[in-house]
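J.: Spelled out from the first residue to the last, the chains are:
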Amino acid sequence: MWPPLSLPGCRRLAVLDALLGSGDGAESGDEKAYRHTSTEEEDFHLQLSPEQVNAVLRAGESTYKILDLDSKVPRSVLQFESNQLAANSPVEDRRGVASCLQTSGLMFGIFDGHGGHACAQAVSERLFYYVAVSLMSHQTLEQMEGAMENMKPLLPILQWLKHPGDSIYKDVTSVHLDHLRVYWQELLDLHMEMGLSIEEALMYSFQRLDSDISLEVQAPLEDEVTKNLSLQVAFSGATACMAHISGVHLHVANAGDCRAILGVQEDNGMWSCLPLTRDHNAWNEAELSRLKREHPESENRTIIMDDRLLGVLMPCRAFGDVQLKWSKELQRNVLERGFDTEALNIYQFTPSHYYTPPYLTAKPEVTYHRLRPQDKFLVLASDGLWDMLGNEDVVRLVVGYLSEAGRHKPDLTPRPTNLGLMQSLLLQRKASGLHAADQNAATHLIRHAIGSNEYGEMEPERLAAMLTLPEDLARMYRDDITVTVVYFNSQSIDASYKVD
Amino acid sequence: MFYRFLSIIQRQRTSPRWQTWCLSRSSVSAAEAHSVTLPAQAQVVICGGGIMGTSVAYHLSRMGWKDIILLEQGRLAAGSTRFCAGILSTARHLTIEQKMADYSNKLYQQLEQETGIQTGYIRTGSVFLAQTQDRLISLKRINSRLNVIGIPSEIISPKKVAELHPFLNVHNLVGAMHVPEDAVVSSADVALALASAASQNGVQIYDRTSVLHVMVKKGQVTGVETDKGQIECQYFVNCAGQWAYELGLSNEEPVSIPLHACEHFYLLTRPLETPLQNNTPTIVDPDGRIYIRNWQGGILSGGFEKNPKPIFTEGKNQLEIQNLQEDWDHFEPLLSSLLRRMPELETLEIMKLVNCPETFTPDMRCIMGESPVIRGYFVLAGMNSAGLSFGGGAGKYLAEWIVHGYPSENVWELDLKRFGALQSSRTFLRHRVMEVMPLIYDLKVPRWDFQTGRQLRTSPLYDRLDAQGARWMEKHGFERPKYFVPPDKDLLALEQSKTFYKPDWFDIVESEVKCCKEAVCVIDMSSFTKFEITSIGDQALEVLQFLFSNDLDVPVGHIVHTGMLNEAGGYENDCSIARLSKRSFFMISPTDQQVHCWAWLRKHMPEDSSLVLEDVTWKYTGESLRAADTALNLIGPRAVDVLSELSYAPMTPDHFPTLFCKEMSVGYANGIRVMSMTHTGEPGFMLYIPIEYALHVYNEVMNVGQKYGIRNAGYYALRSLRIEKFFAFWGQDLNTLTTPMECGRESRVKLEKGMDFMGHDALLQQKQNGVYKRFTMFILEDHDTDLDLWPWWGEPIYRNGQYVGQTTSSAYSYTLERHVCLGFVHNFSKDTGEEQVVTADFVNRGEYEIDIAGCRFQAKAKLYPVTSLFTHKRRKDDVELSDLHGK
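Going down the list, the sequences are from chains R and X. Reminder that position 194 of the first sequence reads as 194 in the UniProt record's numbering, one-by-one numbering, no gaps. Reminder that position 676 of the second sequence reads as 676 in the UniProt record's numbering, one-by-one numbering, no gaps.
Heads up, some of the hints might be wrong.
Claimed, not checked - Below are the PhoX-like pairs computed for lysine-lysine, each with C-alpha atoms no more than 25 Å apart in a straight line:
1. R:K152 / X:K217
2. X:K725 / X:K707
3. X:K316 / R:K65
4. X:K860 / X:K773
5. R:K162 / X:K309
6. X:K309 / R:K65
7. X:K228 / X:K217
What the hints assert, rightly or not - One side only, chain R facing chain X, incomplete, derived with CB under 8 Å:
8. H163
9. P414
10. T417
11. N418
12. L419
13. M422
14. Q423
15. L426
16. L427
17. R429
18. K430
Don't read these hints as lab results, they were simulated from the structure. Beta carbons: idealized from backbone N, C-alpha and C, even for Gly.
Just chain R, with the same shape it has in the complex:
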């Protein structure tokens, strides 16, 4: 996404076709075993077996059943399945799932970084804490503050069900905690008994975290590592889409071009799609008029150029990216404090027509949806998926996956009693091919996103070719793809309606 790199669809296909080679490829003597780093196109020999394809696709899989630990409140979420396929090296997408321990609620997030992964990593690790703190009651916040003052252990805030992964921010987390604490102190000053509403909490948390990111790098920091990390975070960017689910209340907050949709099954059995977010990019009229409203009329022609914000950025809301938020003076002042921008890999530039910053905001659009028994699943994904598949395609694929997975016949329960019977049953199951299919809806979606041709048909050769792309080429054909599919428990949702 940044630096801008995307080929028009037709050209993509042409190059891919050349890669796939229809028989007129290189002489056998020049053929090479599959490897990852080569930059020469002739070097490919596509040798990924179906097993290898599966192994690559499944490497980032995770599946979790939400356990009914607290039996008083029936969970509306049954299970979630998630997966990620990298195109950038290292991958710039992040995902996280956590439950709030002081309030009820599950949070799912997708974070799509650009200009490096630093911002996405920081947001994915920190945002949920801001949301959780925003939702806490006055009393809980007081306990937190009391614990901090007396150097006692804090109340646990989150339980990560899917942590964003290797943290590079261990050294600076004490600073992060200080800032989180400042935030809750301000919340305490508001003297609200019950804490913020979920909508407000999401709205404030996004903006607060973004402003903390921006302030952290402006503040004088002693430590070199901390300084450099904060700079990398602020000068890279990330879009974010997160859902907060508590009982039947589903809130989705979105800033940028990740997307969340609901899969809905009507009483007549027909499936449909309910989008919960709007992409914040140049194709969104509301965004265009917002931008025009926020800036002088003289800039109407220059705010969006080549379908990008100021001609450089695809999404028009994002965390970080202070290049599009700060005044030129501020940027100069901060960078002049002796950062080695080259070593830190910071993309430094001033876009043309940069007159009235900020141009970019992390303010999310928050939507609320009251879950109904017909809402079966929620799909959250980065734009890497939506570039390849439409909303309806995604619902169709998840439904297809579900019916496939549901066809688990012959069943293993009741379990056969002896070894011979068990073996023949297992062989039957194997023969019916059920086992070979994907066991994770997110994997299923990624497989189809990169393996389907323009008619939506699965082409194994195409899939293998896409996965064989060397690191330096992969990003030209596909983006990082991150998908989380959340399944709802229609029974408990139904039950909660009956109680009402």
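Model the placement of chain X on the given structure of chain R, informed by the hints.
T.: Quick look at chain X alone, frame taken from chain R:
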């Protein structure tokens, strides 16, 4: 701090006990009420109450250490130890592993008597089946090695197999190995017995106590923070099994312990109608990927499938633990394999499919030893599903290590320091263990390379060499070329060749070796470990003189081969050191020494000195610093012509004698460090090139070299060259228990250099009293290269029909047209088996045979290299060679 909070929160959340606490937060929970106070201090704190932790505690207490605390987060022996299949098998691929298993076997056998706790020990023996000839070769190799260390075993026919087990289908077998003294035992009871014995010896054991992190001050363990308070201690032992990785990272200064868990399944059945006898041998069918043992009249059968399921990638996760469930579809291939092997079991009733995660390491060897970054931090974990077999022996070695500073056997192959921080990425570990777990039952052939986790560290020439047909091997994460496939060869066949016989790259390496002998070859040796040691005053020389046995006070520009020895005179490292200036030295050692050598130097350098130690192996350096990351080895008689043409400097021996180091220009690049040595005994030069010049210098060398017949060569050629010249290599031939005196390197020891050095006294004693083993070169006489099995390493050596030692490495010498094996000759007393002095005369006056998979080949023993190999004219100051000829 914040991170600490988070990790505590995560840890508490995930331990089952915390849930109780969480649910009944307002009231006082049961666990809290019964909490005991921990002692404030102890000498040793062991974390982990499985078989490893209890074994370390047992052995430490037996060695007289009493002030020991063992902490277990749950209950004793309740982790992997509890679910272990309980098979004790001594048939291992490494001798050190065989010895550990043998010791464990003997220990467990008498444990019941010692402690009064029933361990369920039954000597059943085990039978390893071979479905193919290659498998049988592999078993025969193990068999030879078991026999020489005194573990009875024999190769038996399929017919004999059928007599040993009632249900076995033997139709597709070609043979088997029977190890009659192997046993089955309840591992949980063994752990409890060890714990009880330890506690009688004074060890204090606390269960339901979690270690949060280890406290460190100035690189030394000072204590342990637990959920029940702090304990001050000097030594900490991490035996946390699958959680060892996380525990290692929880310190402020993280300890990287590369391991990762995979789900592991086995089946339990109800008893047969006529219950199986409880001494029915355990069957291992590696080609069928399964093991089968008798279990309460029925069977227990599991295996190592081709498509393992890694687990806990993101650390300990309560959800994953609770979700661990039977996966019958996943188990189907193993079940089918079981019913093929024992068709009669079809009607046997299922009791349970157990899912118990096992821990695996990147190289299928366990992890033990002291952390290179924190003194007093010991690790014993990563058992690759052989925890029960290794438990006793590994615990003993680790206890010795803690008490004496070193174990009684060479355990380098298992030392934590063989890994660097680069092996600790979770992605790397997840991918690698998926390859390692099936490998447990895969056929292990010579020279196999891992396929996953590759291309991690590469030289700047990687793409250039790759395009020219390089085939790669990996060492310490570094890619090194094995050989270069000429354009007309079929590559795929080569890549897949798995054989115990002559490999298909034979001709390719032959032409590379020939080119080294007659013209000139270039080998990319960037992976070698390179350190620079500099000081403002004379400390550098003083420290090095103390750490190294040779005299380093040589004129600037000279290179010295020398060992870095321990107090006992054993090699901690074998290196070449160039004196760059009066106060700065450049040190080159083997690739896998990077962590070990760094730790050793740091440990023995004075703390507050002005010494600067720098790892320049692959450091990017600016203008002010020397960069020496790319190393090219120009081998061959014409190397001198290539270099002199490129540098316009005379390179003749008068101007550039052997073992000399100079900075000069090569092509456009200035400041290239050139050394007249090649690590092979052939004439030539090593070029140490700053990274940005690497491609330029390589291209220039190849262009100019064309008229001298230059070509690329790989490590296989280098290996053949060094072995035929009797060059020992640290890590393969040399280890911490071998001294220079034992391998004919007296000349590299300067006992009279005017100052004391590490190992001086031990060496002096050896010089006076003689040595107990002698490094010897063997040239195979009646071995047919095309038809006979090739030697590898670890083959038993027989002198006059008596076992005297094992080989450590071998290679085909294209010059001698014979196989050359290197190894140590001992002199075991015929009556007592005691080791006696080995004299040159003893070595020379024997008739030797080398046992390759049960087949003995005559060999000629030599204590000095074959002189005719040194074709180039010897010079007066040719130290490298005169050194080899010894005195």
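J.: So, for every hint listed, does it hold in this structure?
T.: Status of the hints after comparison with the structure:
Between R:K152 and X:K217 the CA atoms are separated by roughly 23 Å; this keeps the pair inside 25 Å, and the hint holds. With a C-alpha separation of about 28 Å, the suggested pairing of X:K725 with X:K707 is violated against the 25 Å cut-off. Proximity of X:K316 to R:K65 is assessed by CA-CA distance (about 16 Å); at most 25 Å being required, the pair is judged to hold. Using a Cα cut-off of 25 Å, the hinted pair X:K860 and X:K773 holds, with the two alpha carbons roughly 17 Å apart.
Restraint check for R:K162 and X:K309: satisfied, since their Cα atoms lie roughly 18 Å apart, inside the 25 Å limit. Distance hint between X:K309 and R:K65 is fulfilled; the C-alpha atoms sit about 18 Å from each other, no more than 25 Å. Only pairs whose Cα atoms come within 25 Å are accepted, and X:K228 paired with X:K217 is accepted, the gap being roughly 21 Å. Among the interface hints, the one on R:H163 holds; its C-beta lies about 6 Å from the nearest C-beta in chain X, closer than the 8 Å criterion.
Proximity of R:P414 to chain X is violated relative to the hint, the smallest CB-CB distance being about 12 Å (cut-off 8 Å). The restraint placing R:T417 at the interface with chain X holds, with a minimum CB-CB distance near 6 Å, inside the 8 Å limit. Because the closest C-beta pair between R:N418 and chain X is about 5 Å apart, less than 8 Å, the hint holds. Hint status for R:L419: holds, given a least beta-carbon distance of 5 Å to chain X, under 8 Å.
Nearest Cβ of chain X to the Cβ of R:M422: about 6 Å, under the 8 Å cut. The hint holds. Annotation: R:Q423 was flagged as interfacial toward chain X, and the flag holds, the nearest CB pair being 5 Å apart, inside 8 Å. Because the closest C-beta pair between R:L426 and chain X is about 4 Å apart, less than 8 Å, the hint holds. Residue-level restraint check for R:L427 holds (minimum Cβ-Cβ distance to chain X is 7 Å; threshold 8 Å).
Taking 8 Å as the C-beta contact cut-off toward chain X, the hint placing R:R429 at the interface holds, the least distance being around 6 Å. Interface restraint check: R:K430 against chain X, minimum CB-CB distance 6 Å, threshold 8 Å, status holds.
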